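Visitor: All chains, full assembly: derive it from the sequences and hints.
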Amino acid sequence: MKPLQVLARLDWWLVLLAATLSGLGLLYLRSATQTEFEGRHLRQAGFLALGVGTGAILILLPYARVLRGAWPIYGAVLLALVLLPWFGADPRNGARRWYSVGGFSLQPAEFAKLALILVLASWLRFRAKAATFEGLVVPVLLALVPGVLILRQPNLSSFLVLWPILLAMCWAAGTPGRTLLGLVAVGLAVLVAGYFFFLHGYQSERIDTWLAHFTWADWDQREARAAFLDAGLQPMNSLIAIGSGGWTGAGLGQGPQNVYGFLPYRSEDYIFAVVCEETGLLGALTVLGLLAGIVFACLRAAFLVRERFGRLVCVGVAAWLATQGLVHAYVCAWLLPSTGQPLPLVSYGGSAILVVCLGLALVLNIGARREPVLGGEAFL
Amino acid sequence: MSALQRRIALLGVGFALLLGVLAVALFHQMILRGSVYQERSWANRWGYHGHGAERGPILDREGNLLVRDDPSWSLHIEGETFFGQHPVGVLVLLERRVRAARGEEPRARFVAPATRPDGLFEWLLAQPLADTPPGDIDREQNRAVRAQIVDLLVRLGAGTRRDVAARLIAARRDTPSASLRSVLRASQLDAVRAALQASAEELARVGADLRLACGVDLATHLQAALECWGGTRPGLNRRIARRIPYELALALQLRKERLAGLLVVQEIERRISASLPGRPDLGCLTRFLGRVGQRPAAAADAGAAQVEDRLDEVERELQLALGEDGREGEDPYAASAAGEPDGVASASGAEDDEGDSDLERAALRRARRAMAAYFSSRGRVGLSGVEAAADAALRERPGLRWVERTRARAETGLVGYAAAEPGRPVRLTVDLRLQALVEDLLDADPEAGGGAVQRAMVVAEPATGEILALASRPVRAEWSDALVAPHRANPAPGSVVKPFVLLQHLDAARTGAPHVGPEALGPCRGIYHVPGFGTPIRCTHPHGEEARDPRLALAHSCNRYFAQLAGGLGPDGLRAAFQRAGLWLPAPGEPAAPGTLDDPASWRIPGIQGLPRPRVRLGGLTVEQNGIGYDMVTSPLHVARAYCALATGALPRLRLIQDAAAPAPVPLGVPAEDLELVRDGMELVVTVGSARKVRGLKRLGVLGKTGTAEVRRAGEPGVFNNAWFAGYTTRAAPTLVVVAVAYGVPDGQHGAEVGGAMVEDFLRRVHGAPELRARYLPGVP
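Chains as they are written, first to last, in the working numbering: chain A, 1 to 380; chain B, 1001 to 1781.
Keep in mind that a hint or two might mislead.
[Unchecked claim] Not the full set, but computed from the structure, chain A residues with beta-carbon under 8 Å of chain B: (1) L239; (2) G246; (3) Q257; (4) Y260; (5) F296.
[To be verified] Here chain B is said to cover these stretches of chain A; the calculated rule only asks that three of the stretch's residues, wherever they fall, bring their Cβ under 8 Å from a Cβ of chain B: (6) 308-319; (7) 325-334; (8) 355-367.
Just so you know, the hints here were simulated from the structure itself, not pulled from any lab data.
Fair warning: this is a prediction, and the values are worked out from it, not measured in the lab.
Note that the Cβ used here is the ideal one computed from N, Cα and C, for glycine as well.
Guide: Right under this line is the structure:
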């Protein structure tokens, strides 16, 4: 297809939604970093521009090339994860997760999500492979290998995102529901075992505090006050920020929890709390609505595309964005224990926004080229 | 729709459901419970800082400053903070813990000899990971030691807590035989050592400054606190220096982040900042000033009520500060009900005001709690003496600053402010110059009166009842009994009460009340046998026919005459005589003697508490003996008050504190001629009577009465005397009432040569000082 044809068939609603959300994200980021880390919104804009640029190139490429490059990309990402302990940048907060490239930090775990989507789509496009429990062994391994490497960084949040992607893509590929439930049960059992045996002290403290907070009658009791100074500091301040937003919030740049520094990591892990505090419920629903629009647009593309690889990629991207977005918001509202998930297109993170742009570009590409290129129904 | 498309659609539905749950949760948190979190948001960033003011000063009559608040700074060690946060403290405690876990004796010390922190640090770094701490100690102890190692390294700049903890865990797991040094990166070692060195040097500088400025050895106190670790808090937390210089306090305060555990505390000390002329202190006056201390915890005391009043005022002032949009002046509690913090009042825009007032009420409640906490920790009240009596005036009224601040406690704005008000000054009635004279006089001859046990003197202003000077010797530890008659066996003011007996007799003769008629008054032969009582009443010498003349009888203090008068008056008449003069307190429910003053409140002398109530114990001795001043508990202050009444014709309320609202003196209720007759007699006391030999009294225009009462000293054989003199000057324009007493002088010494001499000495000194003469003896040439 000629580029103009591709552009003409692009889902401009998706472009508009993504652009709007990115633009809002820059505003919120500007607000969240006005008292510290000033200039982050500019760096974010730079990465956004880079993402838009590379995404634009990706849109114009036939995505069959992406299919052919799925395994090499996956391998490269695996290699990057393997070499991280030796070549990665100095650990931050006890975790070594980044490569320092020309003054910028690149996080291979973010790229691993897109790489996993590509390689799972490549594997699962043959229907028969998805139909049996045994057929899931490879997809699970495909997720597990980078997952374990990511877990060792340590980076629990990125590790956890991989599994909804796997489940959604397997579901979309036709895996029976019972099989997936079995997989979920295994996963839950591993989670429980991990909680008791493998989690670091601060990680289990977060979970303990989250579980305990449902039993608090109010925050003035001793346990709550102690938690407020310890493992509950971030989530409780996040709740305060969210809860005090009301309908319309305190105004951009005016939220006291944000401005006065009561909200740690508010440009990354708790930016949704800034959204709520400063633009209220209306602003929060707008952001969630935009994100939902993007996810539904990806699902719509998956719905309309007949070609299986493209469909699975769209589902994977939708699952990825939906999982991250929902987990981020749920964590901010303390409906889930604290974990550091970025809000797509809003949270500060160069690698994250770059990869999301690439993922959306891929979806746009697939949607614009809704043509049976490879496979279709089961390749039997 | 194909099966796979249905599956994709289901994914969308699942996502929508999860999104819906989130939306509902957000609605609940942000709208339904929004006010709860709004209040929490306010609570996060609002700080309430109580701040005090100075308690009112106490001045003397002329406005000279006697007592004031003196702010100062003291330095405290908070052991838990020092050994938990200061790098040197953490290091020393860590060494102790690690060695203790291994069963070794700790070696790190601050003194004798002091351990070098850098050497101690190298020792710590050289410890094997597996043995630091040993694996066989209990889990809690293990955790504490590891946490402390992480703390120390973090404070020395080795990274974030999570970073260092992760490295320690990884190192212990991967290379347990390596030393603690392996936790640090090579590039960090020098920086960490330098940070420790800087911290140690700073601590040493503080120690040197303290030694120079206050003579305090910081290292000794740190060592003592270290020894108390694991024991009781009082040892762990201690004040090590008081009244440190302001410059040092400021320097320490500016560096407080780096000097964790060394706390500069502002204290306010109530200090006496004056002295009597010629003396290094305020003498007896010190005892009357009283002391200030923490407010007692009793909820029902007046102090607690005052605190509540102040809290109410602060709350109203803060409420006004919030009333920018016309709410000023409105009753904030007239808003909608319930005060349930998560009510739906804030759910709609139209009801924002009600929700806001709920939030404001919550904020004001927090302000009130902060103020109450400030009061409980710093509220001072007067506990005794003048400080207690005038506490309502002296007490400062704390204020409150309601500020908005960041997480780092940097203040960004002032939300509300309730100004603190300093206490009002209180003026005593005492003239320091007269006080100095009295104190000197009492000190001049410790053996005055032949070695009297106690001596006391009171100087008062007759027209107002204001006490101009009061002192006693020895000075008691408890001020309240400084001027109390010490004799328990036979309290006796002696003949100083006779003028009042005479007044009552004259009154009874006029009104027809029981009294002895002139025909029954026989000449004095020096002895009088009381009917029905074995022991006779004796005079110093026979007074002959002079005993029939009331003036001369008073002048010569004829016991027979006054015993007869008292016998004629009877118990009721005698009670009335003393009650008129403020020397008798009716018991509760006891009817007042007719024609007498009945004012129980007059016994409460403002500013002086704890004085006993004088009471004649009728029945123990005879009326006749009561009439000549025996079996009566009284004090020089009560006698002074009674003589103020003789001087002016009205009984004032004695005061130590100037009080514009003091009640007017109560007239004695006797005719002027009766009073003049008594005054004639008192004038004759110093001219021809019992005090004639104290010539200065006449020259100085004194009218008075001597009193010599036989008493016994506890544990000593023989008889002693209470030697009194009470009088005033001048007759035409009374300006000074002076009462002097020496308790327990040897027998043979009397009121005139002991008490009278003290009064003469005092008045001569006043007369000799031009300023004092002009002020207090204008009528004396």
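Visitor: Now, for every hint given, state plainly whether the structure supports it.
Guide: Each hint tested on the structure:
Interface hint status for L239 of chain A: upheld, as the beta-carbon distance to the closest one in chain B is roughly 6 Å, under 8 Å. At about 5 Å, the closest approach between the beta carbon of G246 of chain A and any beta carbon in chain B falls short of 8 Å, and the interface hint on this residue holds. Annotation: interface hint on Q257 of chain A holds; nearest CB of chain B at approximately 6 Å, less than 8 Å. Hint on Y260 of chain A holds. Least Cβ distance to chain B is approximately 4 Å, under the 8 Å limit.
A least Cβ separation of about 6 Å between F296 of chain A and chain B falls short of the 8 Å threshold, and the interface hint therefore holds. As drawn, the stretch 308-319 of chain A meets chain B at 4 residues by the rule of a beta-carbon pair under 8 Å; at three or more, the given contact holds. For the stretch 325-334 of chain A, the assignment as covered by chain B holds, since 4 residues bring a beta-carbon within under 8 Å of that chain's beta-carbons and 3 suffice. Residue count for the stretch 355-367 of chain A with a Cβ under 8 Å from a Cβ of chain B: 0. That is fewer than the three needed, and the coverage hint is violated.
Checked against the numbered hints given earlier, the structure breaks only hint 8 and satisfies all the rest.
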